[in-house]
Amino acid sequence: MKRLVPIVIASIVGFVLILAKFIPPIQSWEENVVLWFDILAVFAFVLGGGNLILNHLKKISDRQAGWGFSVITLVAFLGTLTVGLLKIGVPPNEKYLDYVWSGDYQAEGSAFWWVFSYVYVPLASTMFATLAFYISSAAFRAFRANNIEASLLLMTALLVLVAQTSSGPMLTDFIPDDSSYAIFKVENIKGMLVNLFNTLGTRAIMIGIALGVVSTSLKVLLGVDQSYLGGD
Amino acid sequence: MRIFITLAIIILSGGTLLAQQPTPPTNLKVADFVNDAGDRLQLTWNLSEDDPALDGSDAEDASTEDVPAELDNPIIQYRIDRQTSGDSEFEEVGTVDAGIDEYVAKELEQQKYTFRVIAIAADGSVSVPSETASGTPIVQWIDKSKIAFGIFMLIVCGSVVYFIEMAKAGRTLNVRKIAGLEAIEEAVGRATEMGRDCLFVPGIQDINDIQTVAGITVLSRVAELTAEYDAGLDVPTTRSLVMTTARETVEGAYTAAGRPDLYNPDNIYYLTDEQFGFVAAVTGKMVREKPAACFYMGAFYAESLIFAETANTVGAIQIAGTAMPSQLPFFVAACDYVLIGEEFFAASAYLSGEPQQLGSLKGQDVGKFIAAIFLIVGAVLMTVGEFISPGSEGEGSGMFREVILFIKDGLLGN
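Quick note, the sequences are listed as chains A and B, same order. Take this note's numbering: the last position of the first sequence gets the number 300, and nothing is skipped along the way. Take this note's numbering: the last position of the second sequence gets the number 1879, and nothing is skipped along the way.
In isolation and in its complexed conformation, chain A is listed as follows (with noise of 0.2 Å):
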């Protein structure tokens, strides 16, 4: 029963919203479905708190490694939660100056506008910087020539990385763009790899994906693949 439930359900919603696409005056509800979710998603946002700070309190109880970070963790999540539920410093509406609670709990000047511009926003920031060095060594691993399929990549990536210097272009400046020679100038290599390669390749994947997101949903629908549920 307790499979039998949500597969059922799932699968009357599933089939009436794949019905509802060909069904002009029951397309919208496929809008009150994404709704319902976002009910859900409230309640569940709820859980999920709930479990940080269980998680982190945990971990503090028992010394665990890095159980500071879970005392850093818990400290700003309930100060963040504090200042914006109680709207610290937030200024009140234009149309509502007599009720200070008024405004948004984002607008400009108040305590959790800024925790966000000035401490999230450059954590963030600072985690997605470190994006450059990793592709840079993730590069440095992946084009090393050592076979046939590598030495191409290598060549290839080379390659759109000259033409996509503001030089690179300089290096073929010879050949005319007129002349029949003129698909071997770097930046026209570079487009071709671009736009025929890369999109060739990402739209074969991108069929396949189509197609497997149908069979995954099918199966779901059907009952077939029960594993999301726990087992077969």
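None of these hints come from the bench; they were simulated from the model. Every value quoted in this text rests on a predicted model; they were computed, and no experiment measured them. Nothing false has been slipped in among the hints.
Okay, derived cross-link-like pairs now, SDA-like style, lysine to any residue, Cα gap no bigger than 20 Å in a straight line:
#1 127(A) to 117(A)
#2 70(A) to 1713(B)
#3 1827(B) to 275(A)
#4 258(A) to 236(A)
#5 258(A) to 223(A)
#6 1571(B) to 1603(B)
#7 1827(B) to 285(A)
#8 155(A) to 184(A)
#9 253(A) to 229(A)
#10 1609(B) to 1867(B)
#11 1873(B) to 1845(B)
#12 89(A) to 1613(B)
#13 1873(B) to 90(A)
#14 1494(B) to 1568(B)
#15 1755(B) to 138(A)
#16 70(A) to 1716(B)
#17 70(A) to 1712(B)
#18 70(A) to 81(A)
#19 89(A) to 1617(B)
#20 1642(B) to 1820(B)
#21 258(A) to 1794(B)
#22 70(A) to 1730(B)
#23 1750(B) to 192(A)
#24 1577(B) to 1549(B)
#25 1571(B) to 1548(B)
#26 127(A) to 1749(B)
#27 1571(B) to 95(A)
#28 1833(B) to 1844(B)
#29 1750(B) to 145(A)
#30 1833(B) to 285(A)
#31 1571(B) to 1493(B)
#32 1611(B) to 1504(B)
#33 253(A) to 233(A)
#34 1873(B) to 282(A)
What follows is a set of in silico ranges between Cβ atoms, one per label pair, in the way DEER data are often shown:
#35 1835(B) to 210(A): 31 to 37 Å
#36 236(A) to 1797(B): 22 to 28 Å
#37 264(A) to 1835(B): 20 to 26 Å
#38 1514(B) to 104(A): 49 to 55 Å
#39 125(A) to 1838(B): 58 to 64 Å
#40 1730(B) to 204(A): 38 to 44 Å
Quick reminder that beta carbons are idealized off the backbone N, C-alpha and C, glycines included.
Here the structure of chain A is known, so what remains is to put chain B in place on it, guided by the hints.
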């Protein structure tokens, strides 16, 4: 005498005003908007003679500051007025820029509506209204533009169901070996030998994303293996709903493997919805706890390479699967095994080894075969069409253009 002079001024100024009044749009037609829920009407008209678009000028330039030389007072907008059945007055319902000769009236009831269009010139003067036209929205119960796509979808879905039934009936189906999936057992075994955990990241999207669902189905198989091998399993999530689903899945897998005592819900936990906050937490965990095997199965964005490179530095064996084409190169460069696109969606069937699930993979092949036929037909038509009569925007011309558009928009549901 004073009255006479006043009348003369009025007549003269009136004459001037009449001379500046733009010509109205003509031939207004109202038709039902096709393939809708009966709440829209399509309006079309012939542009005003003072519309800059008629003399080849750019309609967007027709502002008071930039008046084309050919027209003293060009049209800058058309105003659409609507009269609902039973009402006596027209009310404005919308405007469109000059050069546009159509408008879709939305959010209508199934009753008669009358429309008129008025041209507005750069100096603010308005034309007399166009002749009126009426129409009633009609409900369409089938979206005819999607019928061909629906048939294509039915064939693909039908073939998937057909092969599932064939497999259930006992037909043997061969599926090629997928290295990335063969390596899962090896990775879990390695983690067991090293006494370290397996880390499973089911993407950073919510459970309504099909990639997350596919990732969770792989998690089920991985959890069964970790239960059998008595290896640790760590599942950080970015969404609360994914956490609850993953807990159900892992609990079921441990029970199915006969080791419900090993299941620990605390190992499947929520971190944060924020992308880089999640990245910081997971990579920090990788560095501190050094998992022996890392699985990335789901939808990933910029964090893909950060995860893979960090896990590489701690010497973990890595298996990734995603349907995000932009992230595949990063995973290919940094991970030991990668499930590319459809391989990722085939993972659950492959790992389960169940005939009915393997049947669905054969059904996909039929879809690929049909797609290949469309590709060949489309490519041949485009090539031949370009030779016979070069068209614009790479869509051929004449009959071929119609066929190509039908394949693109009708069959493939563009």
